[in-house]
Amino acid sequence: MIVFEDVHVGFGNLEVLKGIDIEFASGSKTVIIGPSGSGKSTLLRTINMFERPKRGNVFIDGVAISSMTNRMLCQARQDIGMVFQSFNLYPHKTVLENLTMAPIVLKHEKKEHVIKRAMDNLREVNIAEKADAYPSQLSGGQQQRVAIARALTMRPKIMLFDEPTSALDPEMIQEVLDIMERVAKETQITMLFVTHEMKFAEHIADRVLFLDDGIILEDGTPKEVFHHPRNERTTAFLGKILH
Amino acid sequence: MTGPFSLHNWQAWFSDWSYFAEGFLRTVYISLLGLFFTLIIGLIVGMLLCGRNRVVISICKGYMSFFQNTPLVIQIFIYYNVLPKLGIRLGIVVLGVMGLALYTGAYAADIVRSAIRAVPTGQMEAAGSQGFTYLQAMYHVVLPQAVKIGLPPMTNQAVNLIKNSSVLAVIAGGELMYCADSWSGSNLIYGPTFVMTGVLYLCICLPISLLARRLEKRSTRNV
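Chains as they are written, first to last, in our numbering: chain A, 828 to 1070; chain B, 304 to 526.
Any given hint might turn out to be false.
To be verified - For lysine to aspartate or glutamate, the following DMTMM-like pairs were computed, each having C-alpha atoms within a straight-line distance of at most 25 Å:
{"no.": "1", "chain 1": "B", "residue 1": "K520", "chain 2": "B", "residue 2": "D413"}
{"no.": "2", "chain 1": "A", "residue 1": "K920", "chain 2": "A", "residue 2": "E990"}
{"no.": "3", "chain 1": "A", "residue 1": "K1067", "chain 2": "A", "residue 2": "E990"}
{"no.": "4", "chain 1": "A", "residue 1": "K957", "chain 2": "A", "residue 2": "E1008"}
{"no.": "5", "chain 1": "A", "residue 1": "K881", "chain 2": "B", "residue 2": "E428"}
{"no.": "6", "chain 1": "A", "residue 1": "K920", "chain 2": "A", "residue 2": "D906"}
{"no.": "7", "chain 1": "A", "residue 1": "K1067", "chain 2": "A", "residue 2": "D1040"}
{"no.": "8", "chain 1": "B", "residue 1": "K451", "chain 2": "A", "residue 2": "D959"}
{"no.": "9", "chain 1": "A", "residue 1": "K957", "chain 2": "A", "residue 2": "E1013"}
{"no.": "10", "chain 1": "A", "residue 1": "K934", "chain 2": "A", "residue 2": "D906"}
{"no.": "11", "chain 1": "A", "residue 1": "K934", "chain 2": "B", "residue 2": "E428"}
{"no.": "12", "chain 1": "A", "residue 1": "K984", "chain 2": "B", "residue 2": "E428"}
{"no.": "13", "chain 1": "A", "residue 1": "K920", "chain 2": "B", "residue 2": "E428"}
{"no.": "14", "chain 1": "B", "residue 1": "K451", "chain 2": "A", "residue 2": "E924"}
{"no.": "15", "chain 1": "A", "residue 1": "K934", "chain 2": "A", "residue 2": "D959"}
{"no.": "16", "chain 1": "A", "residue 1": "K1050", "chain 2": "A", "residue 2": "E990"}
{"no.": "17", "chain 1": "A", "residue 1": "K1050", "chain 2": "A", "residue 2": "D1040"}
{"no.": "18", "chain 1": "A", "residue 1": "K920", "chain 2": "B", "residue 2": "E519"}
In short, the hints are calculated from the structure, not lab data.
From a predicted model like this one, the values you see are computed outputs, not experimental measurements.
Okay, chain A solo, but in the shape it has when bound (with noise of 0.2 Å):
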């Protein structure tokens, strides 16, 4: 379970979380939705700890992760995937070693257990072909896919997706909006989005946040928030989304 308790987040003066106070349960699917600058991608990043927070605390299972250690920070981050809007897969490496090098080189597993889990996770992606290609030698959809594929290979409690379909080609979204899909609805991890996919959200949600300038204006089922918005805001907001 992660908790936020009245978690502040700024960058100099500017304040981007004010006061968020929040659960997400285990296992849960939560799609977080928004305008631009409202704070989306901040309260996916400190879950990880890549943005620390001003005030207040994150706790994941109980444990204040925003007061840890830098070691006890990389450690805790093992168990937290991040796909994220650009892939960041490392190009030295081939898809393969993309996604063996953390768990080898981090959880020291032995590395022939490793590449068999690897190859499942690719099979699940549907991109097993490429495993000894490059990420350069991919396509933006494949690049996301091999991206999904290494998070799951570290086998996260959490993970979260950092507008994974923002940097994609219209053709390309529907391929990984499918693989997150198909991924949302076979594990129990603990799951966060940060994305625009009203249709996406419906199908694998169960909870939906609106965010509007550093505080959570909605939160209810897709349905609730997608047809029942109690806020003006999410009105105007879904309104220039959708149409």
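Please arrange chain B on chain A, whose structure you already have, making use of the hints.
What follows is chain B alone, placed relative to chain A:
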């Protein structure tokens, strides 16, 4: 044929070729050691420059400014003449290697810094998100990519270091340039001496330059 390039002068030079071969090998030896320590200095200072400690960064910048903006020959003179007065007595080779490494290291640090900065920040973030520490991320993710970017300019610095090793002639370094200078002075044969000395430097530097050009071409291709 008479004049500086007379047959007699060439014969005299070739009859003493072993003296130059010794100087040549000494140049290679000093250059290799100098290059080794240059890479160590460049890597450490370059990485420190990419850190967040302002005091450390200021010290590194001070080192680079001093060594990049004063002639190598003055630095060598200082080591040769001032250090013994401070009770520090170093052999000529140690002194030469130190001088070359400190001087070229200042440029190498700049290359390492630029190469690290050229690696997209997302790479460090991706490594961090998997649980790599700063040093682990540097070693496994950032530096392998930075090496590819920094190798061509670093190879050029290696060529500069070899050529700059000729400065050691002013403190009787015993390397190729010193051999040329002392031999030509004693025999009053300058033409063949300096032409052949140039050719010997070319023999070391040209292959490295060609390698640099090849690496440069390769680094512009996709990874």
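Structure-based check of each hint:
| no. | hint | result |
| --- | --- | --- |
| 1 | B:K520 with B:D413 | 21 Å, holds |
| 2 | A:K920 with A:E990 | 24 Å, holds |
| 3 | A:K1067 with A:E990 | 18 Å, holds |
| 4 | A:K957 with A:E1008 | 21 Å, holds |
| 5 | A:K881 with B:E428 | 21 Å, holds |
| 6 | A:K920 with A:D906 | 22 Å, holds |
| 7 | A:K1067 with A:D1040 | 17 Å, holds |
| 8 | B:K451 with A:D959 | 20 Å, holds |
| 9 | A:K957 with A:E1013 | 23 Å, holds |
| 10 | A:K934 with A:D906 | 11 Å, holds |
| 11 | A:K934 with B:E428 | 19 Å, holds |
| 12 | A:K984 with B:E428 | 19 Å, holds |
| 13 | A:K920 with B:E428 | 16 Å, holds |
| 14 | B:K451 with A:E924 | 18 Å, holds |
| 15 | A:K934 with A:D959 | 23 Å, holds |
| 16 | A:K1050 with A:E990 | 21 Å, holds |
| 17 | A:K1050 with A:D1040 | 23 Å, holds |
| 18 | A:K920 with B:E519 | 20 Å, holds |
This entry satisfies every hint, going by the numbered hints stated previously.
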